[in-house]
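Undergrad: Following the hints, position chain X against chain Y.
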Amino acid sequence: VSLAADPAVISPQDPTLLIGSSLVATCTVSPDFHLKAEDLYWTLNGRRLPAASYTTLGPTTLSVALARLNGSKQQSGDNLVCHSRDGGILAGSCLYVGLPPEKPVNITCWSKNMKDLTCKWAPGTEGETFLHTNYTLKYKLRWYGRDNTCQEYHTAGHYSCHIPKDLALFTPYEIWVEASNRLGVAVSDVVMLDILDVVTTDPPSDVHVSRVGDLEDQLSVRWSSPPALKDFLFQAKYQIQYRVEDSSEWKVVDNVGNQTSCRLAGLRPGTVYFVQVRCNPFGIYGSKKSGIWSDWSNPTAASTPRSERAAGGCDPKGGEQNTTLRRELKQFFGWVKKHAYGCSNLGIKLYDQWRVWLQKSHKTRNQVGKEP
Amino acid sequence: GDSWGIFAFLCAALCNLPALPALNCTEEPGAGRCIQQTYDLTRYLEHQLRTLAGTYLNYLGPPFNEPDFNPPRLARAERVPSATVDLDLWRGLTDNARLAANYRAYSRLLCYLRALDGTAGTAELRHRLGHFCSSLQGLVLSIAGVMSSLGYPLPAGPPVPPGTSVASNDFLKKMDDFWLLKELQTWLWRSAKDFNRLKKKVPPAVVTLRLEARGF
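The listed protein sequences correspond, in order, to chains Y and X. Just so we're aligned, residue 1 is where the first sequence starts under full-length UniProt numbering, counting upward by one. Just so we're aligned, residue 1 is where the second sequence starts under full-length UniProt numbering, counting upward by one.
Treat the hints with care, as some may be off.
List time: in silico DSS-like cross-link candidates among lysine-lysine, alpha-carbon distance up to 25 Å [unchecked claim]:
#, chain 1, residue 1, chain 2, residue 2
1, Y, 288, Y, 115
2, Y, 73, X, 193
3, X, 182, Y, 73
4, Y, 120, Y, 165
5, Y, 140, Y, 165
6, Y, 337, Y, 349
Here are the computed distance ranges between Cβ atoms for each label pair [to be verified]:
#, chain 1, residue 1, chain 2, residue 2, range
7, Y, 182, X, 127, 15 to 25 Å
8, Y, 140, X, 33, 54 to 64 Å
9, Y, 295, X, 201, 54 to 64 Å
10, Y, 166, X, 155, 42 to 52 Å
11, X, 135, Y, 265, 37 to 47 Å
12, Y, 346, X, 193, 47 to 57 Å
A partial selection of chain Y residues facing chain X, derived with a Cβ cut-off under 10 Å [what the hints assert, rightly or not]:
#, residue
13, 70
14, 74
15, 77
16, 80
17, 91
18, 93
19, 136
20, 153
21, 154
22, 164
23, 167
Quick caveat, the hints were computed from the structure, so don't treat them as lab data. The structure presented is a predicted model; accordingly, all values stated were derived computationally and were not measured. Note that the Cβ used here is the ideal one computed from N, Cα and C, for glycine as well.
Bound conformation, chain Y alone (with noise of 0.2 Å):
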């Protein structure tokens, strides 16, 4: 503890307030430094304080009015300052200003194949913005055990948190979140759900696509089941979606089952199509409900043949160009698997997996332009 004195006392010091109140605080100076209330001045964030403001309580007290005060400027408080008249710093109070927080609302949870829980919510309002508000995630198993509090936070988002292991399974789980600040707190409605009803997955691995012989319209897209699958006696069903390259509609075939292949048609000819899978576990230790549905699995692109003879009914975006340039590039690459060694990867697929990465990147820097 330093034994020189602090030049100056401002009271209250550090307080807390709703938005909208207001204040009366004052300056006292030490009797070591020899100044007068006179001599004094307020600031508030580096503002100077008028001095209609002021009020001379003693020899050595100055106090300032400040009426219907905001939001705080940052969440560490407004700095409020008692200068001399030189402008030297003798003493500060930080104003914490703001609202207390209301219930956090929309408790969504997804596990990873019931190994983990992850919960993300939304706070109740905008305005918890000016002071710093804390978020606890609270479970509990329902008809017995204790509190418990998670403690992996912003692994989903800024309002999220993950809880990585010792999690029970077919009991259900009460879960709520709640905030606080230094003007009070607030719980969140519970949420009761069973572990095994929130399951996602991982995408399924393996995608590939390719031509179906000759056949012009259409592709054929094969995949592995993600491998976490295996133990846990689900069943899987999956859900392709595909787009034509140019394009970013996406087509969505549903009833694709659990099978691990499937034949997409009505295609275009000589179009290169980007391709996804995703996973949806269901009928998990015999239970009816599905899962959520898995991230999709990156783009995979495959082109459609086309038949040469149709020269006359081609692309009028420069498909002639197209053709021939993939003709001759089929041909290099056949000529550079006979001549050159260590490069049996590359190949027409190759090639458009090449121009899917192009425009993903196209798409990226195309964004990054428009941003204000």
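TA: Quick look at chain X alone, frame taken from chain Y:
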């Protein structure tokens, strides 16, 4: 300078490679590289601190983030070691004293930085702070490496734990935080000069002295 270097090289070549292990990475040429790395690290930290300080001072709010802000250094702020030193005193420091001063200062600064309020502030700020502390820890270890490669003992005793003099109110704590960042800035600026000085002093002369001692 040059002729000694050539002599040293010839000796090593003539006397067969077994002589060279005596000059391995824990000896003087290693120290030279260590000093360069430490110098580079101080420059990197200086750069990192600019962004971190900007973000943190904005979090503290005006007037802390105003360019010419200069609050009083109250007695309790003096627990942060000061980089400011008399020029002649600084010039006259021995290598050992110079390194020890750096080592002690950063060990304590690291302690205080780690104690900066971990619950408040945005997630981004906490993340930046964490990253900076890791880099600063790297600097402390780097300085220790230089000292041991030159045969100097590390300064004894643990750094003063920050809990012993905590600011009594939130505004005073903000001022402490401000001065902590300022001193960190000044130290990094000074250390670049300290290590630059050490860079020039350490290698060739010491290498050849070692060879002579081995009777080449």
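Undergrad: Would you mind marking each hint as holding or not holding in the structure?
TA: Structure-based check of each hint:
no.: 1; hint: Y/288 with Y/115; verdict: holds, 20 Å
no.: 2; hint: Y/73 with X/193; verdict: violated, 39 Å
no.: 3; hint: X/182 with Y/73; verdict: holds, 23 Å
no.: 4; hint: Y/120 with Y/165; verdict: holds, 17 Å
no.: 5; hint: Y/140 with Y/165; verdict: holds, 14 Å
no.: 6; hint: Y/337 with Y/349; verdict: holds, 14 Å
no.: 7; hint: Y/182 with X/127: 15 to 25 Å; verdict: holds, 24 Å
no.: 8; hint: Y/140 with X/33: 54 to 64 Å; verdict: holds, 57 Å
no.: 9; hint: Y/295 with X/201: 54 to 64 Å; verdict: holds, 58 Å
no.: 10; hint: Y/166 with X/155: 42 to 52 Å; verdict: holds, 45 Å
no.: 11; hint: X/135 with Y/265: 37 to 47 Å; verdict: violated, 57 Å
no.: 12; hint: Y/346 with X/193: 47 to 57 Å; verdict: holds, 55 Å
no.: 13; hint: 70; verdict: violated, 13 Å
no.: 14; hint: 74; verdict: holds, 4 Å
no.: 15; hint: 77; verdict: holds, 6 Å
no.: 16; hint: 80; verdict: holds, 8 Å
no.: 17; hint: 91; verdict: holds, 7 Å
no.: 18; hint: 93; verdict: holds, 6 Å
no.: 19; hint: 136; verdict: violated, 12 Å
no.: 20; hint: 153; verdict: holds, 9 Å
no.: 21; hint: 154; verdict: holds, 6 Å
no.: 22; hint: 164; verdict: violated, 19 Å
no.: 23; hint: 167; verdict: violated, 25 Å
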